[in-house]
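> Chain B: place on chain A using the hints.
There are 2 protein chains.
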Amino acid sequence: MRTLRIVVSVFLLLASVAAQDVKGLGRMWTFENAPLDMFEKEYGFKPDAAWLEKVRLSSARFGSGCSSSFVSPTGLILTNHHCVRDWVAKVSPKDRDWLKDGFIARALAEEVPIPGLKVQQLVSMEDVTARVTKGGVAGDVAATERNRNAEEAKVVEEAKARFGPGHSPQVTRLYQGGMSMLYVYRDFEDIRLAAVPNLQAAHFGGDPDNFTYPRYGIDFGLVRAYVDGKPADTSAHYLKWSLEGPKDGELVFVTGNPGSTARALTVAQLEYQRDAQLPIRLEFLDRRIEIMEAWVAKDPAARDREVRADILGRQNSQKAFRGFLAGLKDASLMNEKRAFEAAFRAKIDADPALKEKFGTIWDDAAAIAKRRLDLEAGLRLHTPEGCRSLMRAVFAARAMDASLPPAVREAAKKQALATPGTEVAYELEVFVDIVERAKARLGAADPFVAAVCGAGSAADGAKALVAGSRFGDDAFLKAVLGDGSAEVAVDEDPAMKVAKVLAPLMQKEAMADARIKAEESALGTRIGQALFAIFGTKIPPDATLTLRIADGVVKGYPMNGTIAPWRTSFYGMYGRSVEFGNHHPFDLPEPYMKAKDKIDMSKFVNFVSTNDIIGGNSGSPIINTRAEVVGLVFDGNIESLPNRYLFRDDVPRTVNVHPDAIIESLKKVYDAGALADELLGKPMYR
Amino acid sequence: MRTLRIVVSVFLLLASVAAQDVKGLGRMWTFENAPLDMFEKEYGFKPDAAWLEKVRLSSARFGSGCSSSFVSPTGLILTNHHCVRDWVAKVSPKDRDWLKDGFIARALAEEVPIPGLKVQQLVSMEDVTARVTKGGVAGDVAATERNRNAEEAKVVEEAKARFGPGHSPQVTRLYQGGMSMLYVYRDFEDIRLAAVPNLQAAHFGGDPDNFTYPRYGIDFGLVRAYVDGKPADTSAHYLKWSLEGPKDGELVFVTGNPGSTARALTVAQLEYQRDAQLPIRLEFLDRRIEIMEAWVAKDPAARDREVRADILGRQNSQKAFRGFLAGLKDASLMNEKRAFEAAFRAKIDADPALKEKFGTIWDDAAAIAKRRLDLEAGLRLHTPEGCRSLMRAVFAARAMDASLPPAVREAAKKQALATPGTEVAYELEVFVDIVERAKARLGAADPFVAAVCGAGSAADGAKALVAGSRFGDDAFLKAVLGDGSAEVAVDEDPAMKVAKVLAPLMQKEAMADARIKAEESALGTRIGQALFAIFGTKIPPDATLTLRIADGVVKGYPMNGTIAPWRTSFYGMYGRSVEFGNHHPFDLPEPYMKAKDKIDMSKFVNFVSTNDIIGGNSGSPIINTRAEVVGLVFDGNIESLPNRYLFRDDVPRTVNVHPDAIIESLKKVYDAGALADELLGKPMYR
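As you go down the protein sequences, you meet chains A and B in turn. Take the first sequence: its letters are residues -19 to 666, numbered as in the numbering used here. Take the second sequence: its letters are residues -19 to 666, numbered as in the numbering used here.
Quick caveat, the hints were computed from the structure, so don't treat them as lab data. It should be emphasised that the depicted structure is a prediction, and the values quoted were computed from it without experimental measurement. Check the hints yourself; a few may be wrong.
Derived lysine-lysine pairs resembling DSS-like cross-links, with alpha carbons at most 30 Å apart [stated by the list, open to error]:
hint: 1; chain 1: A; residue 1: Lys299; chain 2: B; residue 2: Lys535
hint: 2; chain 1: B; residue 1: Lys278; chain 2: A; residue 2: Lys227
hint: 3; chain 1: B; residue 1: Lys578; chain 2: A; residue 2: Lys576
hint: 4; chain 1: B; residue 1: Lys647; chain 2: B; residue 2: Lys574
hint: 5; chain 1: A; residue 1: Lys576; chain 2: B; residue 2: Lys574
hint: 6; chain 1: A; residue 1: Lys578; chain 2: B; residue 2: Lys647
hint: 7; chain 1: B; residue 1: Lys477; chain 2: B; residue 2: Lys443
hint: 8; chain 1: B; residue 1: Lys583; chain 2: A; residue 2: Lys578
hint: 9; chain 1: A; residue 1: Lys574; chain 2: B; residue 2: Lys574
hint: 10; chain 1: B; residue 1: Lys535; chain 2: B; residue 2: Lys518
hint: 11; chain 1: A; residue 1: Lys574; chain 2: B; residue 2: Lys648
hint: 12; chain 1: B; residue 1: Lys309; chain 2: A; residue 2: Lys309
hint: 13; chain 1: B; residue 1: Lys576; chain 2: A; residue 2: Lys647
hint: 14; chain 1: B; residue 1: Lys535; chain 2: A; residue 2: Lys576
hint: 15; chain 1: A; residue 1: Lys535; chain 2: B; residue 2: Lys278
hint: 16; chain 1: A; residue 1: Lys227; chain 2: B; residue 2: Lys576
hint: 17; chain 1: B; residue 1: Lys576; chain 2: A; residue 2: Lys535
hint: 18; chain 1: B; residue 1: Lys578; chain 2: A; residue 2: Lys578
hint: 19; chain 1: A; residue 1: Lys114; chain 2: A; residue 2: Lys140
hint: 20; chain 1: A; residue 1: Lys583; chain 2: B; residue 2: Lys647
hint: 21; chain 1: B; residue 1: Lys535; chain 2: A; residue 2: Lys278
hint: 22; chain 1: A; residue 1: Lys576; chain 2: B; residue 2: Lys576
hint: 23; chain 1: A; residue 1: Lys648; chain 2: B; residue 2: Lys576
hint: 24; chain 1: A; residue 1: Lys74; chain 2: A; residue 2: Lys210
hint: 25; chain 1: B; residue 1: Lys574; chain 2: A; residue 2: Lys648
hint: 26; chain 1: B; residue 1: Lys648; chain 2: B; residue 2: Lys210
hint: 27; chain 1: A; residue 1: Lys576; chain 2: B; residue 2: Lys227
hint: 28; chain 1: A; residue 1: Lys647; chain 2: B; residue 2: Lys583
hint: 29; chain 1: B; residue 1: Lys648; chain 2: A; residue 2: Lys576
hint: 30; chain 1: A; residue 1: Lys227; chain 2: A; residue 2: Lys21
One chain only, chain A, in its complex shape:
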């Protein structure tokens, strides 16, 4: 009896651990394998084929990394301001700043073509796994991969012929190769700008509020698809606007193109990211931002404009990395990962065939992580970054290195010539900081450190290098690169002396890195296949920037000792602005200040839901069970950053624009009632 009881307990433990942690793999379902029975069981709602098809065809991949949806029968497309931002800047006339000031078309003729922008509708999905994997060569990974690549290319070619022009077939590997899907997209390539609000309304709260909630971002943009010079007829596949908007506790779906998740990583791989990769990168970033801010602080009027965008971009990464790192440092997250790994591994080990094929995955991952750990510091710290003379010298050294292939040498020559020669004070500080870090981590005997510093300090070494080198001089550089203008004694140049040490080091470490990456990629494939072998399509594949449907509910969450409301209001937006004295980035743009008395302050701006999203989902529609738009995905809260590694929905949230915010803005702020009416179901303007 006692033995039996123990066996049963262990079994129950494993089963419950596995069930618990399969949840951590997330809810980014493919349309072809959406878990309809689970939806029915969990929510009492089972989408039928017609619902799924309509929703799929109403969704569209937007540009190179965003999502969107058709929201009128006449080709109107809803996405985020931040998805269309660069395009708006590109088509804005010289004498206008549509990015800053917004843009509103008031007739079809006023809509502005956006050359180069492509919107893609997923029209066909076929499982081609059997066909592309039939050329597998037992024991020869490379040959198997070659055959699969070749077969996938054939599948694409055939689909091109079958679907004809205006379509883009692609083979996407799901489950790290466990499945191969042929996805065919209908391409919309005549896209025209209809409306965007002021940048500052879309990006209200700027970098501080980025990745956070409560939030007040009116982050939307409207474009229109044209076919043969006329608004596209999308009457068969568009999402109606919900007149009631989202409701607390309501079931909602996000359809969009999540870019990349890392939920199949092993514990050893996560520990490497936690203990080496992320801390080293953050250290870099923190210090660099500090140096740049200090440099700006000495002369803000002159310098802020110059580097602010650069600093903001780095702060964005800094915030994301901090969020990732916080997740990996959260013991409960790692414990959940460990429990899942133990259960998963036990399942693999329990099947001899699977054990044979996948049993070494975890030890292999640990071994690779260990090698990457040894490589990490050199890879990050052996760099001329910040010192332009040295950057030029490194490229020149490569261009002059007879052991390298001609194409590589030619590319290096071009890079050398494209590098500006004048040193920038704060960049040099960054360089000195890098050399100091290299000294601390790799020792004074490290060849690069020794070459820069000799017996002195990093600062003195860098100073002497810059003062003594002629690489800042364009004529000298050209002569070195052999334009025949003169013979030069380049070997004695102090930058070249360092470059001759640094360039081969970088080359060697880059190659080691590439080898490790290839092994990691192969290992990733094996992990994905092992997961697929155990769980099949019961779990969703990691994100692949292809269309997914994610279920969730509208829901607030516990925050900072209290409750975050499930929605935010215009009251809150104007409040946050006055609370910060209307100072940037909490300033409201002029049209919103002017419309203050017209806006209904009790209408809503943003709301949150538990759907599983990640970068690439920006611009996704969020819909109710009637397939009506109840919002527009634009961000995740700070607590959702670790969802990259493990999906959770207790506190992590998707942040959406509330439909109120779009309609109030169009009608009361921008006098764009016609576009609002089109969203609400009336015919478009002419």
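Chain B alone, transformed into the frame defined by chain A:
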């Protein structure tokens, strides 16, 4: 050379560690030893004697545990709504609910006397340490203490004669006895209610927003001190109202009566709180709230009213305990404590006389903490809580125990009779839960567990006990307690059987607890004296519910990935209300709903500052360097809870009512312009 360098480094390390961590002891300065030179050095502002005296006399201890200030020359006193709340309920007429609906006087005659409420102004401070400690008996702690108590009583008696009626002299021991101060208070005992807003305006956000920020609590109340039946003449000591309000970055002072801090605790004592005391208490509280909520959920209409206030009170403790525990679990806090302790101990050890006297403090603390740890579970789990029959039986067993003193037996008899006999379902669940916990922590052989459960479960044991016992019956209880009505066979009653085991256990453990508490108290005195011996009045004493002045600055802080603004607005308040659908506790009371269009939404409601406060400071004025009221202290943010153990000001903040909120409310919501005008400097109404 090398040795010297090491010595210097260690010295610098110790010095810097000590300087760093003295900061952790906080900034609750006494008026008699306010660090004026430090103020000047840090802020460029050195209060003079007149400033200090005026500020001290303008501040007042309010009721039994709050603070307040005189804010007009005619006796008007400003404090928190939550400080006067119970008094308002007490004086509210039967047919009115001033607590819920607010109260506004519009003439002196309308002000409502509050019998029993006392407000105390600190008029004299004398250091009597030398006098009260001169009767010390070397080596005899108890005799020393007796002599000191007697001398302190004499000091108080003499002061009573010296200051005459209307004054309360008290000797307060600072630094756990390192100093004895004679504080003499002028008592104001004719206090009348002038104005309070609706409870829901003061308590907006309820339990969720309690201890948090951003916050929107208009938590003020106005009363007036009368002398000889007329408004007190406070023209010599009142604080003017700041017309400009607080400014970002401004130096501000809080004057008030912080109740209790625990910053002198040793690491071992904190570890005990972290590892045993707080987790066991929280476990209790969590489970009890869970049981009560589940009970309410089954019939909310009937049950919610009955136990909501009880649940809210427990949730308040739960939130505070969680905050304390989070602080103690924060490695950086403990490391800072450890570093301070090491430096402090080294200083004690370096002086032979101090080492002799105080050298064993830390080991003694660890030994006591260990003993308390062993006692903790029994002390908390040996209890009849939740089972009324058993509670009655325990009191009865005590009343019948001939080995106890007659007074104790008499008290037990009264307690038995005061305990209701009818069992309550959810309370019985709590009892079963307690017995289960006792079984898990103390084992099935624990006498109390064995007496309740026998060989069965806690639930069955409790059921049998209640079903079989006659202690629920009032007549039976009275007979047992010997009213002569009947002879009863009490020994066979199942509740009495358990009580005969439980009562002596509880008695024994309560005595052990009392012994440990006495030792802890004596140890606390030694720690305080050791701190005082090293640092003197350069550090502030732990809080003693006596008047302190705390310096700080008005300042926002990093929160949840973004920035908390230093102030919140009416926009934000109305926003939070609509975002929660105006549902309780985020509902705005009717007068605020009606005044929506009159209120200037861009005026401010609350703001934060870095001042060092704790419970007891509620109602304190927060003033600028001109001694003008710029706000009213009413809470701390959630991150400030661990300040109980270690003061920090990076993220912890004091939360204050902004003067805007008081003036807007009086003028626009309550039509109480005359009171607003009095605050703003005009004569009071008649």
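> Hints first: check each against the structure and report whether it holds.
Taking the hints in turn, this is what the structure says about them:
1. Pair hint lysine 299 of chain A plus lysine 535 of chain B holds up; C-alpha atoms about 22 Å apart against a cutoff of 30 Å.
2. Proposed proximity of lysine 278 of chain B and lysine 227 of chain A is supported: the alpha carbons are some 25 Å apart, at most 30 Å.
3. This hinted pair checks out: lysine 578 of chain B and lysine 576 of chain A have alpha carbons roughly 16 Å apart, not beyond 30 Å.
4. The suggested pairing of lysine 647 of chain B with lysine 574 of chain B holds, with an alpha-carbon distance near 13 Å, which does not exceed 30 Å.
5. Annotation: proposed proximity of lysine 576 of chain A to lysine 574 of chain B holds, straight-line Cα distance about 20 Å (limit 30 Å).
6. About 26 Å separates the Cα atoms of lysine 578 of chain A and lysine 647 of chain B, which keeps this hinted pair within 30 Å; it holds.
7. A hinted pair counts as satisfied when its Cα atoms are at most 30 Å apart, and lysine 477 of chain B with lysine 443 of chain B qualifies at roughly 15 Å.
8. At roughly 20 Å between alpha-carbon atoms, lysine 583 of chain B and lysine 578 of chain A fall within 30 Å of each other, so this suggested pair holds.
9. At roughly 25 Å between alpha-carbon atoms, lysine 574 of chain A and lysine 574 of chain B fall within 30 Å of each other, so this suggested pair holds.
10. For the hint linking lysine 535 of chain B to lysine 518 of chain B, the alpha-carbon distance of about 25 Å falls within 30 Å, and the restraint holds.
11. Restraint check for lysine 574 of chain A and lysine 648 of chain B: satisfied, since their Cα atoms lie roughly 25 Å apart, inside the 30 Å limit.
12. Simply put, lysine 309 of chain B and lysine 309 of chain A have alpha-carbon atoms about 15 Å apart, close enough for the 30 Å limit, and the pair holds.
13. Among the hinted pairs, lysine 576 of chain B with lysine 647 of chain A is consistent with the structure: their alpha-carbon atoms are about 24 Å apart, no more than 30 Å.
14. For the hint linking lysine 535 of chain B to lysine 576 of chain A, the alpha-carbon distance of about 28 Å falls within 30 Å, and the restraint holds.
15. For the given pair, lysine 535 of chain A sits about 23 Å from lysine 278 of chain B by alpha-carbon distance, which is consistent with the 30 Å threshold.
16. For the hint linking lysine 227 of chain A to lysine 576 of chain B, the alpha-carbon distance of about 26 Å falls within 30 Å, and the restraint holds.
17. Proposed proximity of lysine 576 of chain B and lysine 535 of chain A is supported: the alpha carbons are some 28 Å apart, at most 30 Å.
18. Taking the CA atoms of lysine 578 of chain B and lysine 578 of chain A, the gap is near 16 Å; set against the 30 Å cutoff, the hint holds.
19. Between the alpha carbons of lysine 114 of chain A and lysine 140 of chain A the distance comes to roughly 22 Å, so the proposed pair stays at or under 30 Å and holds.
20. Distance hint between lysine 583 of chain A and lysine 647 of chain B is fulfilled; the C-alpha atoms sit about 28 Å from each other, no more than 30 Å.
21. Between the alpha carbons of lysine 535 of chain B and lysine 278 of chain A the distance comes to roughly 24 Å, so the proposed pair stays at or under 30 Å and holds.
22. For the suggested pair lysine 576 of chain A and lysine 576 of chain B, the alpha carbons sit about 15 Å apart, so the restraint of at most 30 Å is met.
23. Between lysine 648 of chain A and lysine 576 of chain B the CA atoms are separated by roughly 21 Å; this keeps the pair inside 30 Å, and the hint holds.
24. A distance of roughly 27 Å separates the Cα atoms of lysine 74 of chain A and lysine 210 of chain A; the hinted pair therefore holds under the 30 Å criterion.
25. With a C-alpha separation of about 25 Å, the suggested pairing of lysine 574 of chain B with lysine 648 of chain A holds against the 30 Å cut-off.
26. With a C-alpha separation of about 29 Å, the suggested pair lysine 648 of chain B and lysine 210 of chain B falls inside the 30 Å cut-off, and the hint holds.
27. Our distance criterion of 30 Å between C-alpha atoms is met by lysine 576 of chain A and lysine 227 of chain B, whose separation comes to about 26 Å.
28. For the hint pairing lysine 647 of chain A with lysine 583 of chain B, the CA-to-CA distance comes to about 28 Å; that is within 30 Å, so the pair holds.
29. Under the criterion of a C-alpha separation no larger than 30 Å, the hint pairing lysine 648 of chain B with lysine 576 of chain A is consistent with the structure, at around 21 Å.
30. A distance of roughly 21 Å separates the Cα atoms of lysine 227 of chain A and lysine 21 of chain A; the hinted pair therefore holds under the 30 Å criterion.
Checked against the numbered hints above, the structure breaks none of them.
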